[in-house]
Amino acid sequence: MFFCSHVERTSRYLIAQKIENKQAALFNEATLALFSRIPDHKRLTLTLDNGKEFAAFKALEKPLNLTIYFADPYCSWQRGTNENTNGLIRRFIPKKTDFSTITNEQLQEVVNKINSRPRKILNYRTPEEVFIT
Numbered sequence: 054m055f056f057c058s059h060v061e062r063t064s065r066y067l068i069a070q071k072i073e074n075k076q077a078a079l080f081n082e083a084t085l086a087l088f089s090r091i092p093d094h095k096r097l098t099l100t101l102d103n104g105k106e107f108a109a110f111k112a113l114e115k116p117l118n119l120t121i122y123f124a125d126p127y128c129s130w131q132r133g134t135n136e137n138t139n140g141l142i143r144r145f146i147p148k149k150t151d152f153s154t155i156t157n158e159q160l161q162e163v164v165n166k167i168n169s170r171p172r173k174i175l176n177y178r179t180p181e182e183v184f185i186t
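Residue 54 is where the sequence shown starts when you use the working numbering, and the numbers rise one by one after that.
Hints may be right or wrong, so weigh each one.
[What the hints assert, rightly or not] Heads up, simulated DSS-like pairs for lysine-lysine below, C-alpha to C-alpha not over 30 Å straight-line: (1) LYS111 with LYS95; (2) LYS173 with LYS111; (3) LYS105 with LYS148; (4) LYS115 with LYS173; (5) LYS75 with LYS173; (6) LYS71 with LYS105; (7) LYS75 with LYS115; (8) LYS75 with LYS111; (9) LYS149 with LYS115; (10) LYS149 with LYS95; (11) LYS95 with LYS71; (12) LYS149 with LYS75.
Keep in mind that the hints were calculated from the coordinates and are not lab data.
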């Protein structure tokens, strides 16, 4: 079990969903579901790393109306906001946790906690406040 997570860079707003495995079809299905809740005008670009779950990325560009970019191999700093946010998730769900024991509802609770946590970089506003305005 894995999770699919996306973070809006300016507001640090997180969306995430549990997925069964790293197959591209499952990743795309989860990404389409997650982005369907995001207003069209907030969807501009998406930067991915080079995992096999992103192999079918072309199937996302048109329905989501966004441009997809890839970080260079072994350059995690090019996706720093996402890497940092994954670290925040790991504070609630430690790295060796068996994800089959975590429900999607539990993951959403973690997402809500992260999105409602004030951040210094956001002038002590929450990602949710910044994203909605």
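Tested hints:
1. Taking the CA atoms of LYS111 and LYS95, the gap is near 19 Å; set against the 30 Å cutoff, the hint holds.
2. With a C-alpha separation of about 36 Å, the suggested pairing of LYS173 with LYS111 is violated against the 30 Å cut-off.
3. Under the criterion of a C-alpha separation no larger than 30 Å, the hint pairing LYS105 with LYS148 is consistent with the structure, at around 20 Å.
4. Taken as a hint, the LYS115 and LYS173 pair is broken in the structure, with Cα atoms around 35 Å apart against an allowance of 30 Å.
5. About 33 Å separates the Cα atoms of LYS75 and LYS173, which puts this hinted pair outside 30 Å; it is violated.
6. Between LYS71 and LYS105 the CA atoms are separated by roughly 17 Å; this keeps the pair inside 30 Å, and the hint holds.
7. Between LYS75 and LYS115 the alpha-carbon distance is near 22 Å, which keeps this suggested pair within the 30 Å criterion.
8. Taken as a hint, the LYS75 and LYS111 pair is honoured in the structure, with Cα atoms around 17 Å apart against an allowance of 30 Å.
9. For the proposed pair LYS149 and LYS115, the alpha carbon gap of about 36 Å is over 30 Å, so the pair is violated.
10. With a C-alpha separation of about 34 Å, the suggested pairing of LYS149 with LYS95 is violated against the 30 Å cut-off.
11. For the hint pairing LYS95 with LYS71, the CA-to-CA distance comes to about 23 Å; that is within 30 Å, so the pair holds.
12. Of the pairs offered as hints, the one joining LYS149 and LYS75 holds, with about 17 Å between alpha carbons and a cut-off of 30 Å not exceeded.
Violated hints, in rising order: 2, 4, 5, 9, 10; the structure is consistent with all others.
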